Amino acid sequence: MDFGLQHRVPVFKRVRLLSAMAAAFLFCACLDIPDTPEPKNTASYVVIYAVQKGSTDSISLKIHPETPATLKAEVHPKGLESELDFGWYRDSLLGTGESFKIPAYTDNADIPNKLIVKDGEENFISVDFEVTVNSPPAFTEDFSPAQGDTLYGTTRTSFAFSWKAEDSEDATLDYILELDTAHYHVGSLEKVQQSGLHPGIHIFQVIVKDSEGDTDTLPLVKFYVIDTLEAKK
Amino acid sequence: MKRIFLAAFLISLFLLSGCSDSDQYLYDNDDAIALQIHAEMVVSYEIDSAHVRADTVSSRDTMIFIGEINPDRQAHYREYYWTLDGKDFSSDMNFMKSVTKAGHHEICFVVIDFYGDTLRDTLQLLVTNPPIVEPQGFIPAIGSQGLSPKEGITFAWHGFDPDSISKVYYRFEIREPKGLAYTYDIHQNFYTASYSILDTLIETPYFTYWDNPNFYHRLENLKFYTWEVRAVNEFGLESDTVVQGNFFTKGNRNEGGIQAFIRFSNESLYDSYSRNGKIHLDILDSLSNPVVEREMGLDTNQVVVSPLKPGKYRIIASLPKLTDFSPDTAEVVILPGEIAIADTLRLLDTIPPSNKYLTPEGLFQDIDTLDFKDTLRFYFDEYGGNFYHNFFWNGQELRGATYYQERFSNDDRTADTIFLMLPKSYKSWTYQLLSINAYDYSGNLNSKTYVIRPSLERPELKGGEDE
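Protein chains in written order, with my numbering: chain A, 10 to 242; chain B, 3 to 469.
If you are wondering where the hints come from, they were derived from the structure by calculation, not from laboratory data.
What you are looking at is a predicted structure, and each value in this text was computed from that prediction instead of being measured.
Treat the hints with care, as some may be off.
Computed far set for chain B versus chain A, every beta-carbon distance over 10 Å [what the hints assert, rightly or not]:
no., residue
1, H40
2, S46
3, I71
4, R80
5, H106
6, C110
7, S267
8, G299
9, W395
10, P425
11, K426
12, S430
13, L463
Here are the computed lysine-lysine pairs in the DSSO-like style, where the Cα-Cα straight-line distance is at most 30 Å [said to hold, decoys possible]:
no., chain 1, residue 1, chain 2, residue 2
14, A, K218, B, K169
15, B, K152, A, K218
16, A, K200, B, K152
17, A, K127, A, K87
Ideal placement from N, C-alpha and C gives every residue a C-beta, glycine not left out.
Given these sequences and hints, build the entire structure.
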């Protein structure tokens, strides 16, 4: 009986060894982690810029009609541009490519308002946008006092200040008058009378803003006040 | 054995369940109480403010929030709290708080009832800040001369809504003042008696006045006007600040005018009218020839005289009926097209009221020792407006029921007779003092003390005390 037992023990040991080896094999097999899949080249979003005279506008896409401008599409993540097709539309396809050139004085009907970006697997991103074509206001030469003018009066004399700006799109413009260090928001007024000017040199300037936020500034005007009336006393 | 134990356990379990009245824990629709909640708010510190569920307030307002739960028994709800735009606001039922962030807010009273259900009642609150107008830096600057209504007078100021959430309107007024906005030395109030020329509500912080023959009130040449702007937002909140300016209108090249300010040492005269007469104004040219003679009410402390030819003038102001006031004079030079502003003419009264004793027969007596009488008569005259007086009996001011007086004024109120009735208890065997202080409203004081002779026999001293 004892022999038998002694004989059986090595058999069990072998079985356990084999089992352990099989388990180790299976474990090693599990450790064979597959390679990271190749990242898929898909665009997540597209940003459109309007570029004109070196300045970039991605918010209001505002351009001035008298200068050529370019619409540019920027795909994120970057680096996929070469694998994608860009189509610029307004009712029909107006152009292809990452950018779209808008020549000066282009009619609104020829400026795209939709961009469709496609990849090779028929995935696409469509972006609707609107380009604002706005002419900035511009001051005319009609302003007073003129550069270097001399005004006669006392500190209580009301001197007239006038100016005029034109804008093809806006009938009403918004002006800010700067008189020496004082700033006056004068709204649409194009003429005011102000007193309180002491004898000496003074500065007059006006800034105009249209409804699209485009501005123009009247060149700084220097004028002189001479208190001749006081001298007559 | 095991079976016996199991049977005993089951029996005791049955008995236990029989003893507990489990029915009462079951939902019974008849026992359910419908909890009702209600929220409202009120602007605090305003007696007449109503309890409301929606309101527009200033960020400076303090609100009282009031929550109600019916029936209000703790057993019917687990908790309650308030939220402001979904965030914790208060855990009190009623509380006082300000909501300072401008904009629309939802304030919710939340109650969780006994069953865990949530009940809500929501209040709507719109918080705004009053609009702002800058009281400085406007067009035309104060005292601007030569503005022509026919050529258009432009006004511009800086006004805005600090929250950028509400529309701002501007109440624009042009007035012709009788008195310039003027602060009393004593009362610190504005004196603004004036006539309205234009009163309008506009949407822009600028305005151009154009003369129109159809206007009922029009701006005239060579006159002085004040203008004022207040901002009001669409919820009716008015700006704390006001734009206040003034200007002169244009005249012809060979015309001008004079603006004069008149002040009295007795400022109560502004409130007096016909009885104290009028201000007399004389304007003399450089050769002392009278050019203008004008009378004005005492409520006019500012006057513009136009048109006058350019040149040198002397302006004299006096109060003919109030002779205590000395006239005042100012020199002024009128430039073409302008209104010259003369130095303020100050009419000063330096003479105090007079005080005389009147005999029972009505005769003045300039004496200082009097017999005690039931009624003493004193005569006061003052030619600088009203006056007031105090009586002192042996240094103690006579007030209320301790004495009686009657005051009789003459027609132009320049003199008063005062009857002083003394009680018999004031009689004494010693000399007594009666002091009278009389002040005019220019601050001049007349203080006079009368000696009152003994009016009783000296009492007999008790035996031996004299010795």
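Results of checking the hints against the structure:
For H40 of chain B, the condition that its CB be more than 10 Å from all CB atoms of chain A holds, with the nearest at approximately 47 Å. The Cβ of S46 of chain B lies farther than 10 Å from every Cβ of chain A, with a closest approach of about 37 Å, so its non-interface assignment holds. At roughly 51 Å, the least C-beta separation between I71 of chain B and chain A is larger than 10 Å, which holds for a residue marked as non-interface. Remark: the non-interface label on R80 of chain B is consistent with the geometry, its nearest Cβ contact in chain A lying 47 Å away (cut-off 10 Å).
Every CB of chain A is more than 10 Å from the CB of H106 of chain B (nearest about 27 Å), matching its label as outside the interface. Non-interface call for C110 of chain B relative to chain A: holds, since the shortest CB-CB distance, roughly 36 Å, exceeds 10 Å. The claim that S267 of chain B is not at the interface with chain A holds, since no C-beta of that chain comes within 10 Å of its own (minimum 29 Å). The non-interface label for G299 of chain B is consistent with chain A: the shortest C-beta to C-beta separation is roughly 28 Å, beyond 10 Å.
With a closest Cβ-Cβ approach of about 60 Å to chain A, W395 of chain B is found to remain outside the 10 Å limit, as its non-interface label requires. Its beta-carbon lying about 65 Å from the closest one in chain A, P425 of chain B satisfies the requirement of being farther than 10 Å from that chain. The claim that K426 of chain B lies off the interface holds: its Cβ sits roughly 70 Å from the closest Cβ of chain A, which is beyond the 10 Å cut-off. In this structure S430 of chain B is separated from chain A by more than 10 Å, as the shortest Cβ-Cβ distance comes to about 70 Å.
With a least beta-carbon separation of about 84 Å from chain A, L463 of chain B lies farther than 10 Å from that chain, consistent with its non-interface assignment. Between K218 of chain A and K169 of chain B the alpha-carbon distance is near 21 Å, which keeps this suggested pair within the 30 Å criterion. Of the pairs offered as hints, the one joining K152 of chain B and K218 of chain A holds, with about 29 Å between alpha carbons and a cut-off of 30 Å not exceeded. Only pairs whose Cα atoms come within 30 Å are accepted, and K200 of chain A paired with K152 of chain B is accepted, the gap being roughly 14 Å.
With a C-alpha separation of about 15 Å, the suggested pairing of K127 of chain A with K87 of chain A holds against the 30 Å cut-off.
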